[in-house]
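Asks: Now for the letters of each chain:
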Amino acid sequence: MNHFEGPRPLLDRIQQSALVVGGLGACALVVGAIFSAQQFFQSYLFAYMFVLSFAVGSLGILVLHHMVSGRWGFAIQRLIEAAARTIPLMALLFIPILAGLSDVYPWMNQNGMPQGPLMGFKQTYLSVPFFVSRAVLYFVIWTVMAFTLSRWSHMQDQNAGAALTRKMRLLSAPGIIVYVLTMTFAGFDWVMSLEPQWYSSIFGALIIVSQVLSTLALCIIALRLLAAYKPFSGFLKETHFHHLGNLLLTFVVLWAYMQVSQLIIIWSGNLPEENLWYLHRTGTWDYLVVPLVIGHFFIPFFLLLSRRTKRAMARLALVAVFILAMRLADMFWLITPAFHPGEFHIHWLDVAVPISLGGLWLAAFVRNLKGYSLVPLHDPRFEPALERVENAVGAEG
Amino acid sequence: METIEQTAVYEQPQPLIGGKHDYGTITDKISSDVLEKKTPKGLFMAFAVTFSLVMLLLLAVTYLFLKGVGIWGIRIPIAWGFAIVNFVWWIGIGHAGTLISAILLLLHQQWRNSINRFAEAMTLFAVACAGMFPILHLGRPWVFYWIIPMPDTMRLWPNFRSPLVWDVFAVTTYATISLVFWFVGLIPDLATMRDKAAQKWKKIIYGMLAMGWRNSAKHWHRYESAYLLLAGLATPLVVSVHSVVSFDFAVGIVPGWHTTIFPPYFVAGAIYSGFAMVLSLVIPVRKLYHLEDFVTSRHLDYMAKVMLATGLIVAYGYAIETFTAFYSGNRFEHDMMINRMFGPYGPLYWMLILFNIALPQLLWLKKFRQTPWMLFVVSIIVNIGMWLERFVIIVSSLARDFVPSSWAIYIPTKWDWFTFFGTIGFFLTAMILFIRVLPMISIFELRTLLPTSKSNHE
Amino acid sequence: MMSMENSTIHGLMAEFNTADEVLNAAQRASQNGYTKMDAYSPFPVEGLSEAVGFHKTRLPLIVLIAGLFGAVGGYFLQYWAAVIGYPLNIGGRPFHSWPSFIPITFELTVLCAGVTAAVAMIILNGLPMPYHPVFNVAAFERASRDKFFLCIEAADPKFDQSTVENFLKSLHPAEVSVVEK
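Keeping their order, the protein sequence lines are chains H, U and W. No gaps in the numbering here: position 100 of the first sequence is 100 in the numbering used here, and each next residue is one more. No gaps in the numbering here: position 258 of the second sequence is 258 in the numbering used here, and each next residue is one more. No gaps in the numbering here: position 168 of the third sequence is 168 in the numbering used here, and each next residue is one more.
Just chain H, same shape as in the assembly:
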């Protein structure tokens, strides 16, 4: 590896292979869709929600980063900007879900929609026109935010100046609120409504925390791959990984906290319209529950407690890969039992669709990454830090 070259060849390689995998996968999917349409749409929703995490989660981290301006944020800023600019692609990929609405969402059918004198609100909320217009609204808002922030950031590469930083901060403050609200309701619409009788007010927050966790893990893996190349080789230090590792730990714990809170409240209350959700997700689904408890919380928690793990980039990246695998399993556990309550079920499409969608998304992500500097230039919040690090390195050398 040449430390003084850009990562262009690496990125090209990743993009090509991702595109091939995604393309081949897509062909397989057509076969699947023809032979078992319902299964296809169900697997598709699961894979879609997993991949969407990276796109929208990046937007969430981006607005947060502009508010707190941590050093870790500048290291991944261009990564999350590129990922956030895949949102239009995600909007396009949402179309199959719209096509398969009645195969996926029980409230599409008369007997799947809860009936009762006070269900009017829910029946309106979960009606096709309202559902679709909300989805359009989310995607428009996310796209506008992602592209505006990216554009300002790229403009700043050309001309130095604090004015653009101020603008980015000004948009990001309300941006956080907008992101949290839209993603909460997107989580309600697309995942919670799979069981229309069920409701849990923490669910939106849980989806957001999971999404940010997935994105952080992806960023750590990407940084690890790019660390040897310019411009990262010039300034990336152990502390960047340490900070990202701490964030990863925080979100692992937050995920567990929200899951446990929801469980304790629903388990203790034991109301029939609530506890069904857990009954659907246990039984033979315990094969997944037990590994999730251990693998999504205990293992990463203890690994990430150690300072050594967080400061060693290769080790941290391994933990991140493991967490991504657990995120996939968790998403599967959130969604699939809605179609197969209480009985573990997996289909070859549950493997093929994530690979295919993931490949397509990765190719788009890498394409977005190319063409701009991989770190923001001339951001006055970042430049002094960059210079100081370079000076320190110079002094040591």
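Just so you know, the hints here were simulated from the structure itself, not pulled from any lab data. It is possible that some hints are incorrect.
Straight-line C-alpha distance at most 30 angstroms; calculated BS3-like pairs for lysine-lysine [said to hold, decoys possible]: (1) W/Lys169 / U/Lys367; (2) W/Lys181 / W/Lys36; (3) U/Lys37 / U/Lys200; (4) U/Lys367 / H/Lys167; (5) H/Lys237 / H/Lys167; (6) H/Lys230 / H/Lys370; (7) U/Lys37 / U/Lys20; (8) H/Lys167 / U/Lys218; (9) U/Lys305 / U/Lys38; (10) W/Lys56 / U/Lys218; (11) W/Lys181 / U/Lys203; (12) U/Lys20 / U/Lys41; (13) U/Lys67 / U/Lys41; (14) W/Lys169 / W/Lys181; (15) W/Lys181 / U/Lys218; (16) U/Lys287 / U/Lys367; (17) U/Lys218 / W/Lys169; (18) W/Lys181 / W/Lys56; (19) U/Lys203 / U/Lys37; (20) U/Lys202 / W/Lys158; (21) H/Lys230 / H/Lys167; (22) U/Lys37 / U/Lys218; (23) U/Lys67 / U/Lys20; (24) H/Lys167 / U/Lys366; (25) W/Lys181 / U/Lys200; (26) U/Lys218 / U/Lys287; (27) U/Lys218 / U/Lys305; (28) W/Lys56 / H/Lys237; (29) W/Lys169 / W/Lys158; (30) U/Lys218 / W/Lys158; (31) U/Lys37 / U/Lys287; (32) U/Lys305 / U/Lys202; (33) U/Lys38 / H/Lys237; (34) U/Lys202 / U/Lys218.
Covered stretches of chain W (chain U as the covering partner; in silico rule of three or more C-beta atoms under 8 angstroms from a C-beta of chain U) [to be verified]: (35) 8-16; (36) 69-82; (37) 85-99; (38) 107-117; (39) 159-172; (40) 175-181.
Computed from a predicted model, the values in this text were never measured in an experiment. Don't be surprised by glycine CBs; every beta carbon is placed ideally from N, CA and C.
Put chains U and W on the given structure of chain H with help from the hints.
Replies: Okay, now just chains U and W, sitting in the frame of chain H:
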């Protein structure tokens, strides 16, 4: 080092210590406020008022012990009146202290060094006030120890499925760890006080508390390790405490209490009210003791921002709670929400929205964050708003539960108010005594904020 | 004063005005082969404890063990009371209501670990210690205000009073004093 780079030089923030100070002047200023300077007149006047309130508390509690909880306004179905409202309010206030001392330490937010001692003391006294209420509410407070799992002649054990038992563990753990954290933080400063005190008896008292601390590098090493470990433990602890408090409500199925967003939104609300209380206390004390060099307008600005952020999370909680009540289609949830907004306690709900959500949005404006008296007014508003929140949650849900024939109205009696104001007096009295006998700002941590404290090796 | 026996003195102490000076002095002393020494500073100075030859503390391990003890003990307490000691059907919940046992298990973990962290720190530091020779140096009370000290102890195998004194003076301290026992 971290904060300097994190906040970077974008807005050229003013330094965290104003004026011209070195290690010596910092030490002298803070220690002499306790050891040498005359107590400001204002403090005496405040003490007169707060101590009278402590007497009122004594009166209220004595009468309560003589007569029983019937002197309060609680009536079935509203068995949880002021006692629980005040319990939740006080324990929430305590949370800011732990957030400042533990979480901000882990986040390398060095500005916390100027206010952590003060906020931790506030935590301790707030938890003490909180702890009083459930015990007074017991009816037979002298047997409160029955809730502690210990072998007795009845051979019974507490019901570990009950959140009220979780609460006992959570609150006592919280009080213990807060005390330990506070004391560990005090040790080096107690040594400073020992070395600075002129009178022998003061030297002996501070010396015994400092346990012979001699600022050894080896001791500092273990000290920093222990301090970080305590911070790492206190961080999830503080989240767990208010989550457990929220379980007191959410685990039951009373409409308006049983909703899964409660734990995170209670935690945010706790920090929100805690920061409001820190500001309500710090702003006058800063003026009284001329601490503008150490608690700068930048500190006020940061605290205001934390308050704004946590306030927004609370607003999110209200919004999602309301949405879920209607989305659920559950008769009881739905009616509870209508009742909360337009029922007998409706005006309080709208006042709560005004105080807790609407007015604090003024903090978006820099002027409100950095002008002390404006920030003080907002912080008082938030304190009242958060108290109203607990009142609305507890009382409006209980007053109208499942069976209309059991509906009732709760009106607090004068004894409720006496007890409540009495604890405010107790809290403020304890704070005044604390400022008088201990360094209210962590001297050794303030020293590390001076630029010369960083060695060139970093 | 310089003629005193080694057995009656605790060591020699140099006073410095800045953290960098004391850190540098400690590193030099360590390079010169001194092993028994300690530095004193009004706030923790990064790298100073390593310079005086103190590298790792067992504290985190002790705290981890205490935390695990609290977790296991906390869970066992509830399990024993609810399942073995006096099983009681409450609201139809299973005796072993594990979701309900999570909060107390967590609280007891933190309680044990936190109290242990503080107590172990105090004990490992050898506190409370009402008397220590370093306090005999009059200027030492400024270690808790604004001065930095390095003390090379008489217990050091290489300790020779005049050599050590010359060595300390070569570091340009504000003052060198004898620490009497």
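Asks: For each hint, tell me whether it holds in the structure or not.
Replies: Quick rundown of the hints versus the structure:
no. : hint                : result
1   : W/Lys169 / U/Lys367 : violated (55 angstroms)
2   : W/Lys181 / W/Lys36  : holds (16 angstroms)
3   : U/Lys37 / U/Lys200  : holds (17 angstroms)
4   : U/Lys367 / H/Lys167 : holds (19 angstroms)
5   : H/Lys237 / H/Lys167 : holds (29 angstroms)
6   : H/Lys230 / H/Lys370 : holds (13 angstroms)
7   : U/Lys37 / U/Lys20   : holds (21 angstroms)
8   : H/Lys167 / U/Lys218 : violated (48 angstroms)
9   : U/Lys305 / U/Lys38  : violated (35 angstroms)
10  : W/Lys56 / U/Lys218  : holds (10 angstroms)
11  : W/Lys181 / U/Lys203 : holds (21 angstroms)
12  : U/Lys20 / U/Lys41   : holds (27 angstroms)
13  : U/Lys67 / U/Lys41   : violated (39 angstroms)
14  : W/Lys169 / W/Lys181 : holds (22 angstroms)
15  : W/Lys181 / U/Lys218 : holds (20 angstroms)
16  : U/Lys287 / U/Lys367 : holds (18 angstroms)
17  : U/Lys218 / W/Lys169 : holds (23 angstroms)
18  : W/Lys181 / W/Lys56  : holds (28 angstroms)
19  : U/Lys203 / U/Lys37  : holds (17 angstroms)
20  : U/Lys202 / W/Lys158 : violated (41 angstroms)
21  : H/Lys230 / H/Lys167 : holds (28 angstroms)
22  : U/Lys37 / U/Lys218  : violated (34 angstroms)
23  : U/Lys67 / U/Lys20   : violated (59 angstroms)
24  : H/Lys167 / U/Lys366 : holds (16 angstroms)
25  : W/Lys181 / U/Lys200 : holds (23 angstroms)
26  : U/Lys218 / U/Lys287 : violated (38 angstroms)
27  : U/Lys218 / U/Lys305 : violated (38 angstroms)
28  : W/Lys56 / H/Lys237  : holds (24 angstroms)
29  : W/Lys169 / W/Lys158 : holds (17 angstroms)
30  : U/Lys218 / W/Lys158 : holds (21 angstroms)
31  : U/Lys37 / U/Lys287  : holds (15 angstroms)
32  : U/Lys305 / U/Lys202 : violated (40 angstroms)
33  : U/Lys38 / H/Lys237  : violated (51 angstroms)
34  : U/Lys202 / U/Lys218 : holds (27 angstroms)
35  : 8-16                : violated (count 0)
36  : 69-82               : holds (count 4)
37  : 85-99               : holds (count 7)
38  : 107-117             : holds (count 8)
39  : 159-172             : violated (count 0)
40  : 175-181             : violated (count 0)
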